[in-house]
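J.: So you can see what is in the structure, the chains are spelled out below.
There are 2 protein chains.
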Amino acid sequence: MEFVSGQTKKDVVEISDILTGDYEGRDISMNGAIHTIRDMGEVAFVILRKREGLVQTVFETGAVDLPLKDLKEAATVEIQGTVRKEERAPHGFEVRLKKVRILSQPKEPVPIPVGKWRLDTSLETKLELRPIALRNIRERAKFKIQEAVVRGFRDYLFLQGFTEIHTPKIGAKGAEGGANIFKLDYFHRPAILEQSPQFYKQMMVGVFDRVFETAPVFRAEKHNTKRHLNEYTSLDLEMGYIESFQDIMEMETGFLQYTIELLEKKYAKELSLLEVKLPKVDQIPQVRFDEAKRLVSEKYDRKIRNPYDLEPEEEMLIGQYFKEEYDADFVFVTHYPSRKRPFYAMDDPSDPTYTLSFDLLFGGLEVTTGGQRIHDLDMLKEKMETRGMTEEGMEHYLMIFKHGMPPHGGLGIGLERITMKLLGEENVRETTLFPRDLSRLEP
Amino acid sequence: MEFVSGQTKKDVVEISDILTGDYEGRDISMNGAIHTIRDMGEVAFVILRKREGLVQTVFETGAVDLPLKDLKEAATVEIQGTVRKEERAPHGFEVRLKKVRILSQPKEPVPIPVGKWRLDTSLETKLELRPIALRNIRERAKFKIQEAVVRGFRDYLFLQGFTEIHTPKIGAKGAEGGANIFKLDYFHRPAILEQSPQFYKQMMVGVFDRVFETAPVFRAEKHNTKRHLNEYTSLDLEMGYIESFQDIMEMETGFLQYTIELLEKKYAKELSLLEVKLPKVDQIPQVRFDEAKRLVSEKYDRKIRNPYDLEPEEEMLIGQYFKEEYDADFVFVTHYPSRKRPFYAMDDPSDPTYTLSFDLLFGGLEVTTGGQRIHDLDMLKEKMETRGMTEEGMEHYLMIFKHGMPPHGGLGIGLERITMKLLGEENVRETTLFPRDLSRLEP
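Residue numbers (our numbering), protein chains in the order written: chain A, 1 to 443; chain B, 1001 to 1443.
Just chain A, same shape as in the assembly (with noise of 0.2 Å):
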């Protein structure tokens, strides 16, 4: 009999290897696919794209035992060769080639330069061609950032003794409402998509005391912004025991901070291809929605059209405001009038025209929507029942306060959003793998 041992074999090596290690002079296999070719007469650089980086391999005539014409961009290889230093390569070293294997060629160049620095194509254009525009350094290193901004949010939240969940995405019935919710058929019974996992986390609250989630969340909002997406990534938690929403602006914060060191510390190669400078999280601002208005109707001369709703200018100002005033890049608006927000947000006992919630604000554009949720079923009830609201279908929610549960909050951070601000990009599509908009299904 056969057996699987889990053991990985290593004959080829990667750049770390060659980096914590002496390969100097020493010969090596490496496979990757050829990003570029130059080729300079006696010598040609073959660059090696590796999920680590770039490679500098050189291929000398008479050296390698394939002409350098059967080498193709785009085809994928393993190569064998000599390690030797050299300061302007990539990483410090190349590999002199001696053998090329060649495990797969190309069957048509590619249709945009993805072996340049920059890839000056279209946002439309790169978007067409997205599994071939990854390809480009640049444009697939957005996407370790994102990997580090989940990563950062679940290792933070394990430490402080949150439980990951996963909900179900498919319901019958939205958290917020009906409008702009994407509907479909469960086996001849009406469904939805789950616009954010709400009601499943607060639930879950009661179970786990603490409980996070990083999903999918589905939206059928007919905007055509540049920052709405009708698919998004949620990086959702819920907390229990809470004194007050300050406390889940706190674990925010403590989750930026550490999401910022994590960056720092394994993610310094792509914040350096990118030129990413990152914001300041030490200590964030915090500012009354009211106030907030008044601060930036005042210092940019902007009259108050509507007190109780934020237009995206308005954002861009408060935000505009704090970066002049404090140098700040985040600020923490509080208390949003409870007419804008869902029937479960907790209304400030003081003046229950405002809520005790809070939306985090990045570069002026809002990345998080969070606050302290009702947990006593008559408030909550009550609250149902001013804004005309039925029981139906809301029973398993409902439940949960009948038997019980501690004052608690949580918050929705947009993925694809907090990744755009981060990385200065001014489009969300830019930082989404795969965007799903008004126009785009596919691919």
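FYI, nobody ran anything at the bench for these hints, they're computed from the structure.
Ideal Cβ positions, reconstructed from N, Cα and C, are used throughout, including at glycine.
Among the hints, erroneous ones may be present.
Pairs of lysine to aspartate or glutamate, EDC-like flavour, derived with a Cα cap of 20 Å [what the hints assert, rightly or not]:
(1) B:LYS1173 to A:ASP437
(2) A:LYS50 to B:GLU1052
(3) A:LYS98 to A:GLU86
Distance windows between CB atoms, simulated [what the hints assert, rightly or not]:
(4) A:ASN427 to B:MET1394: 24 to 30 Å
(5) A:PRO190 to B:LEU1398: 50 to 56 Å
(6) A:LYS226 to B:LEU1398: 29 to 35 Å
(7) B:ASP1327 to A:LYS280: 53 to 59 Å
Given chain A's structure and the hints, the job is docking chain B onto it.
T.: Structure of chain B alone, referenced to chain A:
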């Protein structure tokens, strides 16, 4: 201006604080839900449920600032009291109560005895009352084990140089043909819910060489069995530059070994609560599909009815065979017939009736399907043609092969299934937080 600094206050203690610090005789504050109350007359034991487990608090008449009758099961409280060693209590300590602050009172008694050690309630009732039933200590422990599996998967793959990706769940066309797919209306265009991230993870192999995703998948299968769900969490990986599909089985075995170690190290409490005996994963036997059928047919005197398919009973018997003959909990069954595998599966060059693919059986149940994929465009097109498939709607997928793909393969693991087998459960719904099946859309 007020600032949020990310400092989390620590005026309440957790179980692990007490277990790792010197708290004997000290007064502490602690919060939790009242799990059970055992009134012994002079004293009462008020058991708190906290995220890390149960805590015994002792209510002595006269010693506490409120009467016992004010305390109700399922209330949430913050208590003050003195920590005392007590061997017979959970975790070896108890808290002698001085003050109790009630955070919330339940409105009704809980409808099922969640405070009991074993929740002897039908699965149907448990699922109907899921948000409450999960408050049982053993019920919730199942989902800590599940957490460990996902965590082990991610952490191991990060160590192996994989990149985490987030691919869209709404799409234009299904990866594996038209049947069993949920359909929805996407702004007046027909759309589907992805039944697998297959095409996307292959696209991303061309970008990052090695990728993984942990996300929901959707299958509109009309099965009503103990092992099928219509929505489940799939642990997917895909890796490039493989020598053969053997590399993928090695990677999965490595993940299993890593996860078992993680469970032993960090989830010992839950393993003990659920009396779990962890499976052996030091080496996993592998056997060809046709050979497995033959072995089982011979040993258990069972006719081979269909040489190209495995019946569930046959899977079970293969599991039994390898348990009996090799004391193996897992077995890789390799070389599935081509006609039972999707078009992108790599046929075995030495006999194209079979594919370079595998399933992993755990206790006789399929928990993983994987294999090598075709990476040559012509081969792929030829196979599509043979199967009468059209290239329409597949342009973005086929694009990657046009521009060079390395030999690659991958797998998908059903999270709820592998958790079910780890825990020795008979029904996958036991290890699904909120199952979606033919009849269940709520909670």
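J.: For the pair we were handed, LYS50 (chain A) and GLU1052 (chain B), check the Cα-Cα distance against 20 Å.
T.: This hinted pair is violated, its Cα atoms lying about 43 Å apart.
J.: Determine whether the Cβ-Cβ distance between PRO190 (chain A) and LEU1398 (chain B) falls within the hinted range of 50 to 56 Å.
T.: 36 Å, violated
J.: Between LYS226 (chain A) and LEU1398 (chain B), does the beta-carbon spacing fit 29 to 35 Å?
T.: For LYS226 (chain A) and LEU1398 (chain B) the Cβ distance comes to about 30 Å; the hint holds.
J.: Quick one, are LYS98 (chain A) and GLU86 (chain A) close enough, alpha carbons at most 20 Å?
T.: 18 Å, holds
J.: Just tell me: holds or violated, for the beta carbon distance of ASN427 (chain A) and MET1394 (chain B) against 24 to 30 Å?
T.: 27 Å, holds
J.: Just to be careful, I want the Cα atoms of LYS1173 (chain B) and ASP437 (chain A) compared with a cutoff of 20 Å; is the pair within it?
T.: Holds, because 16 Å separates the two Cα atoms, which is no more than 20 Å.
J.: Can the suggested window of 53 to 59 Å be confirmed for the beta-carbon pair ASP1327 (chain B) and LYS280 (chain A)?
T.: Once the Cβ atoms are compared, 58 Å apart, the range 53 to 59 Å for LYS280 (chain A) and ASP1327 (chain B) holds.
Of the numbered hints stated above, those contradicted by the structure are hints 2, 5, listed in ascending order.
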